[in-house]
Structures are given as C-alpha cells and as structure tokens.
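Just so we're aligned, residue 0 is where the sequence shown starts under numbering that gives the first Met the number 0, counting upward by one.
These aren't lab readings, by the way, just hints derived from the structure by calculation. Virtual Cβ for every residue (Gly too), placed ideally from N, Cα, C. Just so you know, not all the hints are guaranteed correct.
Label-pair distances were calculated between CB atoms; the ranges are [what the hints assert, rightly or not]: (1) Arg77 / Pro101: 27 to 33 Å; (2) Pro69 / Gly91: 19 to 25 Å; (3) Pro101 / Gly49: 31 to 37 Å; (4) Arg39 / Pro69: 17 to 23 Å.
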Amino acid sequence: MSAMHCYVYYRVAATQASAARALVETLFARMATASSAAARLQIRCDPATGKPAGVAGEATWMEHYPGISPGFVEQLERQAAHLGLTSLLEGGRHVECFCDVPPCA
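Can you make the complete structure from the sequences, with help from the hints?
In structure tokens:
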C-alpha cells in the first residue's frame, strides 16, 4: 500500500490570521507523532506573481500531512475542534486524502 497524504484547506479572515496561525502550530506539534514527516502550512498564491492571493480580507490556507495512517483524519479533526481552531475559520475545514498512483504493471 502506498503512503497516504492528508490535505486540509480553509479560509481565514485577516483579523483571525494571527490566532489561527498559533493554533495551527499547536495542532502540528500535537500531530507530529502521527505523520511520517513534518506537516506544512501553505497559503493560496497567485500563479502569475507567486504572492499570496485571496479575496478581500481573507486567505485560503492548506495544511499538508504526509505519510499518514488510517485513523489520522479523525484524530486530526478532534484535535482541531478541541483547540478551537474551527471556530476561527470562515466556512469550516475541508479534508481530502490522496495516495500515490500505483506503477503500471
């Protein structure tokens, strides 16, 4: 079985960015033992400029957790809710998981 990767994206208002960033860092620390590599936080950018892009007053952030196991997402979402991260977001967290495409036979 190939490694599974988890991606979580959501919108953050500029007024909540500092508080949300602190909680994401705490979430990363709590989840560190459940992923095979360090989690990453990214922000949507404009492909023409490479600079962060968003609609007035908010940005789209994405958490990336490589090398996760089944059950990781449930644990992640419990921790995010417990920390209060979900209450700082616009529209909630959207979670998707991906695996590598198997090689051709």
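### Pairwise beta carbon distance, arginine 77 to proline 101, judged against the given window 27 to 33 Å
31 Å, holds
### Query
If you check the beta carbons of proline 69 and glycine 91, does the distance land in 19 to 25 Å?
23 Å, holds
### Query
At the C-beta level, are arginine 39 and proline 69 separated by a distance inside 17 to 23 Å?
Hint holds: Cβ distance 21 Å, inside 17 to 23 Å.
### Message
Given the hint of 31 to 37 Å, is the C-beta distance from proline 101 to glycine 49 inside that range or not?
### Response
33 Å, holds
Violation of the numbered hints given earlier is absent; every hint is satisfied by the structure.
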